[in-house]
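Asks: So the chains spell out like this:
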Amino acid sequence: MSYLKPTLHHPKLPTNALGLTRRDYEGSISTLCAGCGHDSISAAIVQAVWELSIPPHRVAKLSGIGCSSKTPDYFLGASHGFNSVHGRMPSVLTGANLANRELIYLGVSGDGDSASIGLGQFAHLMRRGVNMTYIVENNGVYGLTKGQFSATSDKGSKAKKGAVNTDEPIDLVALALELGATYVARSFSGDKDQLVPLIKGALTHQGVAFIDCISPCVAFNNHEGSTKSYDYVREHNEAVNRLDVFFDRTPITASYAPGEVTEVTQHDGSLLRMRKLHEDHDPTDRVAALNYLARHKAMGEIVTGLLYIDPHPEDLHDHLGTVATPLNRLDDAALCPGSAALEKINAALR
Amino acid sequence: MRPTDLTTPTHFHKVVDCQWACPAHTPVPEYIRLIAAGRYTDAYMINWHSNVFPGILGRTCDRPCEPACRRGRVEEEPVAICRLKRVAADNKEEVLSRMPPVPALKNGKRIACVGAGPASLTVARDLALLGYEVHVYDAEARGGGFMWTQIPRFRLPESVIEEEVGYITGRGGVVTHYNHRVQSLKALLDEGFDAVFVGCGAPRGRELDVPGRQEAAANIHIGIEWLAKVSFGHVERVGKRVIVLGGGNTAMDCCRSARRLGGEDVKVIVRSGFEEMKASPWEKEDAMREGIPILNYLVPKRVLHENGRLTGMVFEKVKAEYDAKGRRNLVPTGEPDVTYDCDDVLVAIGQENAFPWIERDIGLEFDRWGLPKLDPVTLQSTLPNVFFGGDAAFGPKNIIWAVAHGHEAAVSIDLHCRGEDVRDRPDPHVRMASQKMGIHEWSYDNDVSIDLRYKVPHVEERLALRDIRVEVELGYDRELAYKEAQRCLNCDVQTVFNAKLCIECDGCVDICPTDCITFTENGEEDDLRTRLKAPAINRSQDLYVADGLKTGRVMVKDEDVCLHCGLCAERCPTGAWDMQKFYLETAKTYANGARACRS
Ligand SMILES: Cc1cc2nc3c(=O)[nH]c(=O)nc-3n(C[C@H](O)[C@H](O)[C@H](O)COP(=O)(O)OP(=O)(O)OC[C@H]3O[C@@H](n4cnc5c(N)ncnc54)[C@H](O)[C@@H]3O)c2cc1C
Ligand SMILES: Cc1ncc(C[n+]2csc(CCOP(=O)(O)OP(=O)(O)O)c2C)c(N)n1
Ligand code: SF4
Ligand code: SF4
Ligand code: SF4
Ligand SMILES: [Mg+2]
Chain X
1 MSYLKPTLHH PKLPTNALGL TRRDYEGSIS TLCAGCGHDS ISAAIVQAVW ELSIPPHRVA
61 KLSGIGCSSK TPDYFLGASH GFNSVHGRMP SVLTGANLAN RELIYLGVSG DGDSASIGLG
121 QFAHLMRRGV NMTYIVENNG VYGLTKGQFS ATSDKGSKAK KGAVNTDEPI DLVALALELG
181 ATYVARSFSG DKDQLVPLIK GALTHQGVAF IDCISPCVAF NNHEGSTKSY DYVREHNEAV
241 NRLDVFFDRT PITASYAPGE VTEVTQHDGS LLRMRKLHED HDPTDRVAAL NYLARHKAMG
301 EIVTGLLYID PHPEDLHDHL GTVATPLNRL DDAALCPGSA ALEKINAALR
Chain B
1 MRPTDLTTPT HFHKVVDCQW ACPAHTPVPE YIRLIAAGRY TDAYMINWHS NVFPGILGRT
61 CDRPCEPACR RGRVEEEPVA ICRLKRVAAD NKEEVLSRMP PVPALKNGKR IACVGAGPAS
121 LTVARDLALL GYEVHVYDAE ARGGGFMWTQ IPRFRLPESV IEEEVGYITG RGGVVTHYNH
181 RVQSLKALLD EGFDAVFVGC GAPRGRELDV PGRQEAAANI HIGIEWLAKV SFGHVERVGK
241 RVIVLGGGNT AMDCCRSARR LGGEDVKVIV RSGFEEMKAS PWEKEDAMRE GIPILNYLVP
301 KRVLHENGRL TGMVFEKVKA EYDAKGRRNL VPTGEPDVTY DCDDVLVAIG QENAFPWIER
361 DIGLEFDRWG LPKLDPVTLQ STLPNVFFGG DAAFGPKNII WAVAHGHEAA VSIDLHCRGE
421 DVRDRPDPHV RMASQKMGIH EWSYDNDVSI DLRYKVPHVE ERLALRDIRV EVELGYDREL
481 AYKEAQRCLN CDVQTVFNAK LCIECDGCVD ICPTDCITFT ENGEEDDLRT RLKAPAINRS
541 QDLYVADGLK TGRVMVKDED VCLHCGLCAE RCPTGAWDMQ KFYLETAKTY ANGARACRS
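Line by line, the protein sequences give chains X and B.
Per the working numbering: the first sequence = residues 1 to 350.
Per the working numbering: the second sequence = residues 1 to 599.
Treat each hint with caution, since some may be false.
[Said to hold, decoys possible] Output of the computed footprint for chain B on chain X, the stretches with three or more beta carbons under 8 Å from beta carbons of chain B: (1) 8-22; (2) 85-99.
[Stated by the list, open to error] Using 20 Å as the maximum straight-line C-alpha spacing, the simulated PhoX-like pairs for lysine-lysine come out as follows: (3) Lys5(X) / Lys500(B); (4) Lys192(X) / Lys533(B); (5) Lys158(X) / Lys297(X); (6) Lys5(X) / Lys436(B); (7) Lys550(B) / Lys192(X); (8) Lys533(B) / Lys12(X).
[Claimed, not checked] Listed below are several chain B residues computed to face chain X (Cβ distance under 8 Å; list not exhaustive): (9) Glu335; (10) Thr339; (11) Met437; (12) Asp510; (13) Asp515.
It should be emphasised that the hints constitute simulated quantities derived from the structure, not laboratory data.
C-beta: ideal position from N, C-alpha, C; glycine also.
Kindly produce the complete structure, drawing on both the sequences and the hints.
Replies: Next comes the structure, spelled out in structure tokens:
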């Protein structure tokens, strides 16, 4: 068994604006089961952060508990990391973000971590609009504890030993839309062409960006009868659009037919260009997105792509009017303004 | 692209770059692993079967394998394949008992070999082991050919030649006729040999044709003749100031020999540019390290002499100019000529073939360059029972080519003597075996060392220049050899893909440290090469293409910079990738694949 990936790399490996190669964004070698979809998502995160030329130390990666939540060890080895408690990534991340808004926050979670034990935390983070990228590596089971159905498991889906799930699934995408997330996407670990730009768009989004990424569990949920297997997802995947992320006004090229492109400029200047694959889908209309999702779900389709985007999001700091400077850069006087200041606040609340 | 054809060994053989590039197709990674395991004798025997002279070649081989070595494409320098071979030779134990026995019962066929260089000796070994009676003729007093008469002792000690020539001539089946110059091929054929192998080399040194050459003849020497005299001990001194003309390996041996025989101011002068010189880079380095300057772009114009004694040489300064077709011409710069004083000149400007002893009316045809007309594969001449090899076949090459020719000629001679078609060649012997030992365990060391190439230790220069018999290179000790051996990427441990098992999870794509693997839509090769995870720009390396995947895509692996680390196979959930050791041995008359065993 190899514990180290050789540092030798392709002689033509390109570098980004920082002079770093993609390999500089990797973490330690994965200990997940070979073939786990989560590893592909890690690779997509590496690719996306490298392409954006983000200095690794500007990223904070936080997670809960589960195979998915282990993955931050396997990417961005030079970033900040916090492996929290089961289902509690959202609150820890919210705290971190309040203390230092200058980092780029990436929360990695599982369907068990977010839709079962952590559902409450998930909901409140979405409502509050914490500026972050929230990725759920969704395999429909508790992989780490050997494959029990999770709350995203489809009704009727079969477990490896034959048991059938009788409970209704939670659709985290619908929930995120409902709860006010300002960037909502779904993707598949087996389609990096789609996933990498979605992660880039999420990282540049200045509000809460949620990606539900279906990620087959090869050990416990990749069999016939599962609705989260590689084969099932490939067969039922309906992409609504293909996203490209630009940082300049690259002219629309011939590969896009006129009228087929939706463009959204985000707050940081990034340009999201979506090539429409479905006529009746409008990614800037939240209600329409919810309807669209419900309609296609009823048809048995797994809708993927950038489903909703609000180019002018507000985040938690906007709502609270907090100071822009990270707390660790404020001096004692600013952090602890004294009893006179406290008196003033109390008086205002009386 | 069409899926890669794995029914022939070609694809996987090419992946083992070193073995593919070796004219004798030595199974390099196998012997390197054996060296790492301390199994020097086993490593020696693998070499002995393939290249016959491991101790000699481990010091002198032209090493076409090294520029081909994959390691040189993922870091700075290739594995020191050649010098590791010497480690096997230096550290081996008794080997005679491991060599196949020479049959006591002869097959009744008699073969004559003209010359006792590496080509003839290879023919003799391969055929003697099959029960042939082989007669080897050489004009010199010992076997070895140029290995003995030309290559200086400071690069190749006599004991090594004696030992390895002895493994051929000293075990029966081979009758040597030394001090015997063959004067007539016709007469030789008349002696009733079943076949004759001509391995007489390219024995004539090219002449220098400038004014003053004849007048100063006493101090102007043809390089290969001079080296032979040095080798025999007939020449023991040279003047203090020596000019060596020529840019090949012979020039390098001349100048370094001169440094050891009293030459204090020795310089090499070449017509062309330094970069274009024929000498191997390491030979040039060795010469310059010994204080020998190499002066380039100087064309010999005149020899200066006084009273029949050489005093110096005049050179014209030239520069390289390229015409519209990109051909290089050397044109005078117009600067004044330069003169170098000297006491001796060694002329090493090329070698030529000469076959004065072969009659032109016996049916053996020559081409217009004076070389025999041969079938390039069988080495058969226009006389069906006469075969050529080594420098005599296609002009001067090197030892390993002579050996490779020897093997092929032996196969041809054997087929010929059996009355079979010499063009119907026996297949190489090929084995593929999975290296899987456990879930993530391999029977080879798949960790990739990141060490840079280790230098071979040299003897102190003071001692080296004092005596021409002192070998300059000391060779790797066991510890250095181990470390150098670990640099080998085990390119023979092949990544073998089974599309039926693949679930297209991308695990292998993500883990590959050198971005070799892509799953994509099929297309024409030119197009496909641009669409891979890393563009496949090295056209000399093949793509491995497999179809039969569920999504209808193809798996494309660019073999170019694969580290053979096995990570793809470790990260594959279904065993669609397997690491399999590919072992290929070319057919030898006496061993696997030979007609003798097959019929
Ligand atoms: C100075 C020098 C240095 C070299 N260094 C290297 C090196 O480091 N590495 C390398 O790989 N190669 C080297 N070479 C080249 C290498 O020596 C030859 O390519 C190789 O020896 C050719 O082998 P062969 O069997 O064809 O013939 P040779 O080795 O040339 O042997 C031919 C033999 O045939 C004999 N012979 C010729 N005519 C007759 C006849 N009519 N009757 C009887 N005997 C005859 C000759 O006496 C000679 O012994 C070097 C060559 C030179 C000149
Ligand atoms: C508080 C608490 N309850 C239960 C567990 C046991 N546990 C560990 S991981 C896990 C489920 C993880 O599922 P998911 O988030 O889908 O991750 P996956 O392994 O499938 O990627 C559970 C229930 C725990 N670690 N902590
Ligand atoms: S148990 Fe499932 S989710 Fe966990 S590592 Fe294995 S394949 Fe991935
Ligand atoms: S790395 Fe080893 S096996 Fe590969 S080409 Fe070089 S010597 Fe041969
Ligand atoms: S790891 Fe195995 S199953 Fe997965 S894509 Fe590669 S070969 Fe196919
Ligand atoms: Mg899960």
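Asks: Against each hint, give a clear statement of whether it holds in the structure.
Replies: Against the structure, the hints come out as follows:
1. 8-22: Since three or more residues must qualify, the claim that chain B covers the region 8-22 of chain X holds, with 6 doing so at under 8 Å.
2. 85-99: As far as the region 85-99 of chain X goes, the hint is violated, because 0 residues have Cβ atoms under 8 Å from chain B.
3. Lys5(X) / Lys500(B): 27 Å, violated
4. Lys192(X) / Lys533(B): 12 Å, holds
5. Lys158(X) / Lys297(X): At roughly 19 Å apart (the allowed maximum being 20 Å), lysine 297(X) and lysine 158(X) satisfy the hint.
6. Lys5(X) / Lys436(B): Satisfied, since the Cα-Cα distance of roughly 19 Å is no more than 20 Å.
7. Lys550(B) / Lys192(X): 18 Å, holds
8. Lys533(B) / Lys12(X): 11 Å, holds
9. Glu335: It is violated, given that the least Cβ distance between glutamate 335(B) and chain X is near 42 Å, above 8 Å.
10. Thr339: Violated, because the Cβ-Cβ distance from threonine 339(B) to chain X comes to roughly 47 Å (cut-off 8 Å).
11. Met437: Since chain X brings no Cβ nearer than about 11 Å to methionine 437(B), farther than 8 Å, the hint is violated.
12. Asp510: Cβ of aspartate 510(B) sits 4 Å from chain X, so the hint holds.
13. Asp515: Since the shortest Cβ distance to chain X is 5 Å, the answer is holds.
Of the numbered hints given earlier, the model fails hints 2, 3, 9, 10, 11; all others are met.
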